[in-house]
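There are 2 protein chains.
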Amino acid sequence: MHFIEALILFSLVITIGHGNVLDNRIDEFWTGECTLPSGLRKEIQSYRPLAEEIIEKITSKDFRGETWRSLSDFVDKFGARLAGSQNLEDAIDYMVDQMTRAGLNAHTEEATVENWKRGYESATMLNPRKADLPILGLGSSVGTMRGGIIAEVVAVETVDELNALPDEVVKGKIVVFVPKWKGYGETVKYRSLGATWAAKKGAVATLIRSITPFSLATLHTGHQGYQDGVRKIPTASITVEDASEILRMYKRNETIRIHMEMNDENRGVAKSRNTIGELTGKNANSSVVVVSGHLDSWDVGVGAMDDGGGAFIAWNAAKFLKAMGLKARRTIRAILWTGEEQGYLGARAYMTNHSLSEEKEFNFFIESDIGTFTPTGMDFSGTKEAECLFKEILQLLAPLNATQFASPIDGGPDISVWTDRGFPGASLLNKNEKYFWYHHSAADRMEVEDPDDLDKCTAVFAVVSYVIADLSVDIPKEIKSFY
Amino acid sequence: MHFIEALILFSLVITIGHGNVLDNRIDEFWTGECTLPSGLRKEIQSYRPLAEEIIEKITSKDFRGETWRSLSDFVDKFGARLAGSQNLEDAIDYMVDQMTRAGLNAHTEEATVENWKRGYESATMLNPRKADLPILGLGSSVGTMRGGIIAEVVAVETVDELNALPDEVVKGKIVVFVPKWKGYGETVKYRSLGATWAAKKGAVATLIRSITPFSLATLHTGHQGYQDGVRKIPTASITVEDASEILRMYKRNETIRIHMEMNDENRGVAKSRNTIGELTGKNANSSVVVVSGHLDSWDVGVGAMDDGGGAFIAWNAAKFLKAMGLKARRTIRAILWTGEEQGYLGARAYMTNHSLSEEKEFNFFIESDIGTFTPTGMDFSGTKEAECLFKEILQLLAPLNATQFASPIDGGPDISVWTDRGFPGASLLNKNEKYFWYHHSAADRMEVEDPDDLDKCTAVFAVVSYVIADLSVDIPKEIKSFY
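If you're matching them up, the sequences are chains B and E in order. Numbering that gives the first Met the number 0 numbers the first residue of the first sequence as 0 and each following residue consecutively. Numbering that gives the first Met the number 0 numbers the first residue of the second sequence as 0 and each following residue consecutively.
So that you can see chain B by itself, here it is in the shape it has in the complex (with noise of 0.2 Å):
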């Protein structure tokens, strides 16, 4: 998952539609408070036997363990997915032959990504005692010198407290940040940000704690971003434990000195592709359900649960759908997003190829990009007519205990280039309280990965995309523009 720039990007939007109701008596009733034309919550409590039909199977009978076990295939088979490598290209290939096996109408489109590579990287405390510095290059940062960087150390908690220090204590030095964990929204600011705000003040590269509640020596990777006219500086994290480590030393007016060495480099862009496999309606030219994850990961662990589970619930849903010969009114198109580590690469440019026909051709966006752990529901955006209508298809899992409903989305990083305009959509709700001990580092593997709860979370998928694909009437929408 990648958050930071989506925000600002669509910042300034303007409601330029009215929905796409079809069945205009919806309108008469929907009046705030959440009353559904009786018709069409009979119609969405009608699925009830199909729904714990395709819950059963997925959970208990058919299909048990088959989002785990072809997830695990995949990713022993790939390892890591870094977008601009041949490895995810590769992967993107098998999965295109995966989806087109599993009976799926299967492509791919292009999408422009950052070709960054990480090279050899290398750390030493020099002073006030020798030892290794694990550290892991943030995404996009520059390397230092051959040879690389020896320099003391200015440790902060804060960029206020940064900026409180005069330039000629900054000037020269290597900043290393030690932010307390105060939830990631917050705490990755020091990551995404880091390098510039001690650039501005003179360092010559960073150092920052790992952006995560928990560490066993972990290290965690994340893109990062330079801000122009500000010298780009390297950039990476260290452990929880070594930064609290320096820090102490610092407040105890030790003098620390740093060697780092990082041969990281930007290649500038790369092709890559969005993985589509659609599981076609019966009518062919209504809009469709978009159900998604993405594909690339970082280039330590092996992406297992971001985004492999998130990927990998949402082409299975489609996958044991058609394997269960059901075909909906409309198609439900699985996306495999690329490039979404580097900033929604992927999704930004599916965007805007499809920008022409967006408002008629996608019906919901849903995505799966904050863990698979057990699922306990779906959060949501769009107007609040289509709230009560989700709220009620939420009521479809209840054999899952999955029927907790959140608003706004708050983790659906790809498709928030839909949402975010007034485009419905749907992320997993799930017990992800541990998905930041894993993000982005070399625990992110198998072992975060549960197969009953893959399997629950699956279903979640099918079932949802199932109904809203099934539906007399589209989800309705106000889509916004920018000015």
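Check before you lean on any hint, since a few could be wrong.
DSS-like, lysine-lysine: derived pairs with alpha carbons at most 25 Å apart [unchecked claim]: (1) K433(B) x K430(E); (2) K60(B) x K250(E); (3) K433(E) x K179(B); (4) K250(B) x K76(E); (5) K181(B) x K433(E); (6) K430(B) x K433(E); (7) K430(E) x K129(B); (8) K116(E) x K76(E); (9) K76(E) x K433(B); (10) K250(E) x K41(E); (11) K433(E) x K433(B); (12) K129(E) x K116(B); (13) K179(B) x K76(E); (14) K250(B) x K179(B); (15) K270(E) x K129(B); (16) K433(B) x K181(E); (17) K270(B) x K129(E); (18) K179(E) x K200(E); (19) K179(E) x K250(B); (20) K250(B) x K188(B); (21) K76(B) x K179(E); (22) K199(E) x K170(E); (23) K129(B) x K270(B); (24) K116(E) x K270(E); (25) K56(B) x K390(B); (26) K41(E) x K433(E); (27) K359(B) x K326(B); (28) K390(E) x K359(E); (29) K188(B) x K231(B); (30) K188(E) x K231(E); (31) K199(E) x K179(E); (32) K76(B) x K250(E); (33) K76(E) x K129(B); (34) K188(B) x K116(B); (35) K60(E) x K270(E).
Rather than coming from a laboratory, the hints here were simulated on the basis of the structure. All values reported here derive from a predicted model rather than from experimental measurement.
On the provided structure of chain B, position chain E as indicated by the hints.
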């Protein structure tokens, strides 16, 4: 902590004495049930106000936070302290100085330890896909030939599976052991004996799933032992995650090839020292109360938990009693053992050197080496009479909610060289459910240690060691000796 050998070593024992009770009246009353002579019970209960004062000073007044601060000063200064290293010897000198400054009578006593040194260690999976395979050599492992070994893998979950394979299947292979976690005592056999088991079947090296119930791609080292007459082959730990992946691949009948190189080296033996600081008692000829932990650690992490925490609650207990101006009837002897991780080499040397005087010299042994999380009480080994007395003493820890009793001792490796032969002793019980998450890994850092918990643990040791040292009676014992 290091288990393994004590049970074997001390399994053949014989009773040679019948206790050392100063107050003969005790025998009349102690007849199986826990009935203390009322005078002795009252004597112990009379320490309640003093116990409360000690606890208050350590946990909320004069000494609050001091155990954590002094431990962090120490580990930040020295980092890891492998037995045989100069760094450990420097740390010992520092501790002698600290003890002297605290007003304790400090000295060291020699012990011979192993001199094993980790060198360059690296492994790569070549097939079925290329991937880095982080490894951490096990203590006493030999290295590979220069340039390393390339071999196919045989992966097993149990030693029985290995032994059921024909020798020709194992010959020339790297055996990857993937034992399920079944508690430390059971699972650690794979680390201790895996290389020997595999070598007997003709393997050229072994890799062992890190001995831990939970992993964030964490490597766990530890000691292992070669068996006489069996070829010594290189042996290292791999992560839980890599072990599982290799097992999955192996079960799919994929050919797995690994290139591993280790330049670890056994350099014979080295001199080290146990570090002793005494708070002299009023009666110079009395028996002593030993309160202890070990100062050596593995060479990854900094040994803040194993056993920095134990060592520092032990010697800080004596330090704070001294600072409070307290002087018991008997001497309280803080001992920081060396070479524990290599099989209690410091404690064994100390036992040998004090063997002629041990029956008169030692009254009671206290140790902490299974974590210094929230204390809950102490576990105990000794006679029924001693047990009754000790249970009464534990009641003095009510203000700390640390009155839990268990028997025999489960985690007192160093003092087991005495307690296994009938000397009475006790070890700290604490909420150490996560102990093995950190054990022998790079995650053994100050983050494991909580300042308030450390205060409480120190208070437990201060109260118990003082009261035992000050009682009118020695703790009863029945010493056994070797055949």
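Going through the hints against the structure:
1. K433(B) x K430(E): Holds: K433(B) and K430(E) sit about 21 Å apart, inside 25 Å.
2. K60(B) x K250(E): This hinted pair holds, its Cα atoms lying about 24 Å apart.
3. K433(E) x K179(B): 22 Å, holds
4. K250(B) x K76(E): 14 Å, holds
5. K181(B) x K433(E): With Cα atoms ~23 Å apart, K181(B) and K433(E) stay inside 25 Å; holds.
6. K430(B) x K433(E): 21 Å, holds
7. K430(E) x K129(B): The hint is violated at about 33 Å.
8. K116(E) x K76(E): OK: K116(E) and K76(E) at ~21 Å, within 25 Å.
9. K76(E) x K433(B): 33 Å, violated
10. K250(E) x K41(E): 66 Å, violated
11. K433(E) x K433(B): 16 Å, holds
12. K129(E) x K116(B): 17 Å, holds
13. K179(B) x K76(E): 24 Å, holds
14. K250(B) x K179(B): Judged against 25 Å, a Cα distance of about 16 Å means the pair holds.
15. K270(E) x K129(B): Between K270(E) and K129(B) the Cα gap is close to 23 Å, so the pair holds against 25 Å.
16. K433(B) x K181(E): 23 Å, holds
17. K270(B) x K129(E): Holds, because 23 Å separates the two Cα atoms, which is no more than 25 Å.
18. K179(E) x K200(E): 21 Å, holds
19. K179(E) x K250(B): With Cα atoms ~43 Å apart, K179(E) and K250(B) exceed 25 Å; violated.
20. K250(B) x K188(B): The given pair, whose Cα atoms are some 23 Å apart, holds under the 25 Å limit.
21. K76(B) x K179(E): 24 Å, holds
22. K199(E) x K170(E): 9 Å, holds
23. K129(B) x K270(B): 43 Å, violated
24. K116(E) x K270(E): With Cα atoms ~15 Å apart, K116(E) and K270(E) stay inside 25 Å; holds.
25. K56(B) x K390(B): Status holds; Cα separation ~24 Å.
26. K41(E) x K433(E): Violated, at about 39 Å.
27. K359(B) x K326(B): 20 Å, holds
28. K390(E) x K359(E): Holds, because 23 Å separates the two Cα atoms, which is no more than 25 Å.
29. K188(B) x K231(B): At roughly 17 Å apart (the allowed maximum being 25 Å), K231(B) and K188(B) satisfy the hint.
30. K188(E) x K231(E): Distance of about 17 Å is within 25 Å: holds.
31. K199(E) x K179(E): Distance ~22 Å between K199(E) and K179(E) Cα, so the pair holds.
32. K76(B) x K250(E): 14 Å, holds
33. K76(E) x K129(B): The hint holds at about 10 Å.
34. K188(B) x K116(B): 22 Å, holds
35. K60(E) x K270(E): 40 Å, violated
In this structure, the hints that do not hold are numbers 7, 9, 10, 19, 23, 26 and 35, in rising order.
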